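The opening position of the sequence shown corresponds to residue 4 in my numbering, with each subsequent residue numbered one higher.
No wet-lab data here; the hints were simulated from the structure. There may be inaccurate statements among the hints.
Lysine-lysine pairs mimicking DSS-like chemistry, simulated, CA-CA at most 30 Å apart [stated by the list, open to error]: (1) K436 <-> K193; (2) K238 <-> K191; (3) K1058 <-> K798; (4) K58 <-> K119; (5) K71 <-> K58; (6) K355 <-> K292; (7) K71 <-> K193; (8) K468 <-> K430; (9) K780 <-> K811.
Quick list of simulated restraints, FRET-style, between CB atoms [as the list claims (entries may be wrong)]: (10) D206 <-> Y282: 53 to 61 Å; (11) Q844 <-> N814: 14 to 22 Å; (12) D714 <-> E516: 35 to 43 Å; (13) K636 <-> D714: 36 to 44 Å; (14) Q384 <-> Y205: 40 to 48 Å; (15) P278 <-> D42: 56 to 64 Å; (16) A72 <-> P489: 43 to 51 Å; (17) Y728 <-> N857: 44 to 52 Å; (18) K842 <-> E516: 22 to 30 Å; (19) D38 <-> K355: 47 to 55 Å; (20) N1136 <-> A1083: 24 to 32 Å; (21) S356 <-> D42: 40 to 48 Å.
Every value quoted in this text rests on a predicted model; they were computed, and no experiment measured them. For glycine and all other residues, C-beta sits at the position ideal for the given N, C-alpha and C.
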Amino acid sequence: MSSLPRQRPAVESVGLELNENLEEFTVIWLDARIDTSADCIDTKKHLQSIINYLKTFNDSAKCIDYIKAVKEEKVFLIVSGAYGEKVVPEIENLPQIRVVYVFCQNTEKHKKWASKHRIVQDIFTNKQKLYKQLTEDVRLSDASLLSIAILSPDSKQNQVTDLNQQSVKYLWSQVLVEALLRFPSSKKAKSDMLKECRQQYYDNKREIDIIQEFDKEYCAENAIAWYTRECFLYKIVNKALRTDNIDVIFKFRFFIKDLYEELSKMHATYITSVPSIVYVYRGQYMTMKELTKIKENTQGRISMNTFLSTSTSKQTALDFVQHSTTHSSLAVVLFEIEIDSTLATKPFANIKSKSYHKEENEVLIAMGSTFFIEKVEQDKQGIWNVNLVWSSKEDVELLTYMKKSLGQSTNLETLGSLLIDMGELLKAERYFKLLLEQLPENHPSIGNTYIQMSTIGLNQSNIEKAIEYSEKAEKIFQMSYPMSHPCYGSLYLNMGRIQLLQCDVISARLNLEKAAEIFSKNAPSYDLQLAAVYIQLGNISTICGEQSKMLTELKRGLEIQLKHLPNTHPDIGITYSYLGAAQLTTGLSRDALDSFTKSWEILRKSLSPCHPKYLLTCFTLSQLYDAKKDVDKKNFYLDELFDNLPGMIAQNFGDIELMSLAASMKDGSATNKDIKILETRFKEMATPLERAVLEFRRFTEALEALLKKNDYDSALELINKTLLYWQQKMPSGTIFLAELHYKTAYAYFKKQDLVSALSSINGAIEILPSDFPWFSKYQLLLGDIYRDEGNQKMKLNELDAALVAYTKAVNIYITYIQPPVHQTISNAYSSITKIHVRKHQFDLAKDNLFKARNSLPPNLLNSKHNLYNIERTVAYSIFRNSIKELINALDSDALEGFQKALSTFIQEMSLLSFDIASTHFFIGYLYTNMANNLLAENHFRFALESAIPKHPIRKITKEVSLEIKQQTLNFILADLLMIYSKTFEPEYVPRLHERAIFYCQKYPTALSHVKLATIYLRIGSVYQKAKNDNLAKNYLNDAYAVMPPDSKSIDKSEKPYFLELAEAQFKYADYCMTQSNFQAACPLFQKSLHIYKILIPATDPKIITIYRKLAGIYASRLDIPLAIRCLEKVVANPSFNVENYSVAAGGEAVEGVLELVCDDPAFTTI
4 MSSLPRQRPA
14 VESVGLELNE
24 NLEEFTVIWL
34 DARIDTSADC
44 IDTKKHLQSI
54 INYLKTFNDS
64 AKCIDYIKAV
74 KEEKVFLIVS
84 GAYGEKVVPE
94 IENLPQIRVV
104 YVFCQNTEKH
114 KKWASKHRIV
124 QDIFTNKQKL
134 YKQLTEDVRL
144 SDASLLSIAI
154 LSPDSKQNQV
164 TDLNQQSVKY
174 LWSQVLVEAL
184 LRFPSSKKAK
194 SDMLKECRQQ
204 YYDNKREIDI
214 IQEFDKEYCA
224 ENAIAWYTRE
234 CFLYKIVNKA
244 LRTDNIDVIF
254 KFRFFIKDLY
264 EELSKMHATY
274 ITSVPSIVYV
284 YRGQYMTMKE
294 LTKIKENTQG
304 RISMNTFLST
314 STSKQTALDF
324 VQHSTTHSSL
334 AVVLFEIEID
344 STLATKPFAN
354 IKSKSYHKEE
364 NEVLIAMGST
374 FFIEKVEQDK
384 QGIWNVNLVW
394 SSKEDVELLT
404 YMKKSLGQST
414 NLETLGSLLI
424 DMGELLKAER
434 YFKLLLEQLP
444 ENHPSIGNTY
454 IQMSTIGLNQ
464 SNIEKAIEYS
474 EKAEKIFQMS
484 YPMSHPCYGS
494 LYLNMGRIQL
504 LQCDVISARL
514 NLEKAAEIFS
524 KNAPSYDLQL
534 AAVYIQLGNI
544 STICGEQSKM
554 LTELKRGLEI
564 QLKHLPNTHP
574 DIGITYSYLG
584 AAQLTTGLSR
594 DALDSFTKSW
604 EILRKSLSPC
614 HPKYLLTCFT
624 LSQLYDAKKD
634 VDKKNFYLDE
644 LFDNLPGMIA
654 QNFGDIELMS
664 LAASMKDGSA
674 TNKDIKILET
684 RFKEMATPLE
694 RAVLEFRRFT
704 EALEALLKKN
714 DYDSALELIN
724 KTLLYWQQKM
734 PSGTIFLAEL
744 HYKTAYAYFK
754 KQDLVSALSS
764 INGAIEILPS
774 DFPWFSKYQL
784 LLGDIYRDEG
794 NQKMKLNELD
804 AALVAYTKAV
814 NIYITYIQPP
824 VHQTISNAYS
834 SITKIHVRKH
844 QFDLAKDNLF
854 KARNSLPPNL
864 LNSKHNLYNI
874 ERTVAYSIFR
884 NSIKELINAL
894 DSDALEGFQK
904 ALSTFIQEMS
914 LLSFDIASTH
924 FFIGYLYTNM
934 ANNLLAENHF
944 RFALESAIPK
954 HPIRKITKEV
964 SLEIKQQTLN
974 FILADLLMIY
984 SKTFEPEYVP
994 RLHERAIFYC
1004 QKYPTALSHV
1014 KLATIYLRIG
1024 SVYQKAKNDN
1034 LAKNYLNDAY
1044 AVMPPDSKSI
1054 DKSEKPYFLE
1064 LAEAQFKYAD
1074 YCMTQSNFQA
1084 ACPLFQKSLH
1094 IYKILIPATD
1104 PKIITIYRKL
1114 AGIYASRLDI
1124 PLAIRCLEKV
1134 VANPSFNVEN
1144 YSVAAGGEAV
1154 EGVLELVCDD
1164 PAFTTI
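Please construct the entire structure, taking both the sequences and the accompanying hints into account.
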């Protein structure tokens, strides 16, 4: 046989990592003189007989790098003197270094520097002494290995909600081991295990021989004997269970299962032969750090993660640890364990009869057993006594649920699903691939496996992988199941999640709705899957801004989960995080903080601290507390994030740069720049959809700020700058591009660039399906664009084009405004009505007017509304059209035609829902135009009287109804009185004017001041013409009493009345001048002048005339200063011509004034 080491056999595609050490210890030999000589080969063999896993180096840098990379094993380093002085300072504080041995030829040369380092055991020049010391140190280290998890220190808190993060590890390890124990036994499982063992010990002849023996002679009945034998089995199994190495546990599952079942059989017999209370002992070396942790958790619980070897003899247990006490850094600990066999939930038994060592009274306790820490004390001999009592409280609610959900037997699919839940995505993927290798072609389970592989891709944000396996699953399902089968629900759910990653919200929503339909039909068996669909739909509603819907859907999913799952199940914690995100978008920051806190409380107790969902919740909470300026809490959650981030990245992403940053964060060497980089990179770990939503939200916030400022040009500039970016970033049919088109259309619409707005909004509408939440919003903007297009066409008198645009608008409004009772709809119908009026299409006008009235909400239906004016417009238009017919019927031989036309007119007015008052008013106005004032007056009177108790518009409230009546009354009364005041026929003057006065006194608020004053002046002028100066004077006084106050602004609608008033004042003042009544004339001229100065140009001759007449009045009073001031206004007026100047009444006085001032230089031109 060759003396060279044999070549390591090839490793299978799905299995353990090449060169992985399956044992607890590694021995490293560093020496520049290591070669392939017989002496070196012999040394290696001796070292491997003590510690199988040997690594040799002749390069110190490579050796140091390897040591730093070791994670789980304890390293025993043998180093030459030449290398030792340099290497030891660099590695002595590493936790993985157990002992250093300096192996050289000159002790004295290296003694000085070696003595400075506590980690150096000694300097050896003799190989045999080195081997002996290494053997002893390995024994001590082996005795110090104990895999424990400290659970809640509060004995009163027994539920899973009280477990700390070590408890979470215990929880999942229990579930995982439980799953592996339920795997069916097979020859292949044994074969796979032995294959790994041969690979591990390929150049260790002793272990290879034992492996061969095991292969030939092993049976389940002697599993305990093989476990207690000094060989590869107990070393590998114990380390795998201690470190929760899923891959190794899986490879050794068949042996672990046999061992557990054999122990269970012995347990059943054992507890019948011993008292109910059994005491066992275990001697143990422990570091002070480990012991302190137990001491600090007195009254708490402790879990043993491996099979625990104990003795019925206290002294035997002490002999095991008192054999050597050379390592002062290790404490000697004696565990005294009290077991109530009636309460024990895990098997334990005295295995002497089946042990490899028949002379020992060894009691073996199954892994996963938990104990109550009663007390921790040190005795006089310096031995630490730890008293433990068996605890039956490990089966907490969540653990019980998880065990139950595993079923009676498990397989690789169950294991893979469990690993996904644990966040061990890379390991889960390996086992699913292994399952695919084992399943026959087209087996139905292949489809479910592909779905799980796709889920892994989703959780890694690997869209290509997710799509690939989803498509493979669909092909399998199509060959195996009908479309109504629940597997299609899982497929659609998975596809929906993929499409969300692609930011294709529209397709995702469609597939999720399909999944919901399938799961609903298969309820209640698929209630939890249905809850998952609701939660995803809630997330979509969050993205779409459907505030009420998103909360409803998320809470609906949460309600189902709370009904079927323990309150501390991680799925519930994840749902609370989704709910918190939704609440943040609605501004419910307090509710969001509460939801994220609930999520954190659940996830920290039910998921690994390295799980992405847990860390994302930590990150979100840090951001929320940062916003609240709570620095302590922000740092608390960031510390939690940074401490566990390296593990998460290693398990799921393998991002070396990020792992390095996170590690620097954990050891405190990170800079502020590192922190910022790490926070940024962690944000990048969000899904593409989450990042897109965040980016688009920021973009739209900037855009909305510009739109609120009416800065539409800048808004469009921003859109155009980012359009290409979003088009490249998003699929062509994504809702984000649809919204971008909508925002563009809105900006163009506000600029009244309707062509561009129409193009953009149609681009948005083409993307969205008609049942999508935003679709109605887009359609309503389209309706507004058509409406404004109609307005533009109306201004250009393009009536047909306007009608087309308005019709499109109204059709959109009545479809997407529900219920269709809205002012927008009414206004659109009103616009169509106006077009038909202008085209003299009165029947169509009336039809659309009725629609306008019926679509207007009742609270807006009053005379202040524009619709009331439109009704009057339509009525007047019909009235004018009827006038033409009536004029044609006005000869004496056509009275019958007139009556017929009049009847038709009254009927038209009734059809328009005008009341009797309005109808009588129009008829009265008609008779006025026919110069039949007597009949006109009668109809006006009827109109006025009927307007008081009634009104055409329906009653709303008593107050509004009274207001409407008063306004209608004012409307009729104003026109009636103005007609009365214009009637100067002598035979009608007394009665009509009396009627006018009657109404003026009865309804003093019906007319404005100026209208009322004008009426009084008109009546006064009538009596003036009739030479009835007393009555004329009375009405003049009445006019003064209601004369409008002086104002620099006059309502445009009343301008004609003011001009008429000024003219009446001027004429009456002029009349007073003829009667030498200067006192009455002066104020009338002043009031007339005031109005003219506001309403007519300053150069108008009337203004010059009034100033001249006022100068004459002031001169007659000898008020020379005022007379001069008025004349100054006259001569300063550009239109004044002295040649045309004539002296009227009072002119002599003016000329006298001129003579007095003729020497004044200012008047020399005159």
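Hint check:
For a cut-off of 30 Å, the pair hint linking K436 to K193 stands: about 20 Å separates their Cα positions. About 22 Å separates the Cα atoms of K238 and K191, which keeps this hinted pair within 30 Å; it holds. Among the hinted pairs, K1058 with K798 is consistent with the structure: their alpha-carbon atoms are about 26 Å apart, no more than 30 Å. For a cut-off of 30 Å, the pair hint linking K58 to K119 stands: about 26 Å separates their Cα positions.
For the suggested pair K71 and K58, the alpha carbons sit about 14 Å apart, so the restraint of at most 30 Å is met. Of the supplied pair hints, the one linking K355 and K292 is violated, its CA atoms being roughly 34 Å apart against a limit of 30 Å. For the given pair, K71 sits about 34 Å from K193 by alpha-carbon distance, which is inconsistent with the 30 Å threshold. Restraint check for K468 and K430: the C-alpha separation of about 16 Å stays at or below 30 Å, so the hint holds.
A threshold of 30 Å between alpha carbons decides the hint, and for K780 with K811 the separation of about 16 Å falls inside it, so the pair holds. As the Cβ distance of D206 to Y282 is approximately 45 Å, the hint placing it in 53 to 61 Å is violated. Taking the beta carbon of each, Q844 and N814 are about 19 Å apart, inside 14 to 22 Å as hinted. In this structure the hint that D714 and E516 lie 35 to 43 Å apart at CB holds, the actual value being about 40 Å.
Between K636 and D714, the C-beta spacing of about 39 Å keeps the proposed range 36 to 44 Å intact. Hint check: Q384 to Y205, Cβ distance near 46 Å, so the stated range 40 to 48 Å holds. A beta carbon spacing of about 59 Å between P278 and D42 agrees with the range 56 to 64 Å that was offered as a hint. The hinted window of 43 to 51 Å between A72 and P489 holds, with their beta carbons roughly 46 Å apart.
Restraint check, Y728 to N857: a C-beta distance of roughly 48 Å satisfies the suggested window 44 to 52 Å. For the pair K842 and E516, the beta carbons lie near 48 Å from each other, so the given range of 22 to 30 Å is not met. In this structure the hint that D38 and K355 lie 47 to 55 Å apart at CB holds, the actual value being about 49 Å. Separation of N1136 from A1083 is about 26 Å and conforms to the stated range, judged on CB atoms against 24 to 32 Å.
Look at S356 against D42: about 46 Å separates their beta carbons, and that is inside 40 to 48 Å.
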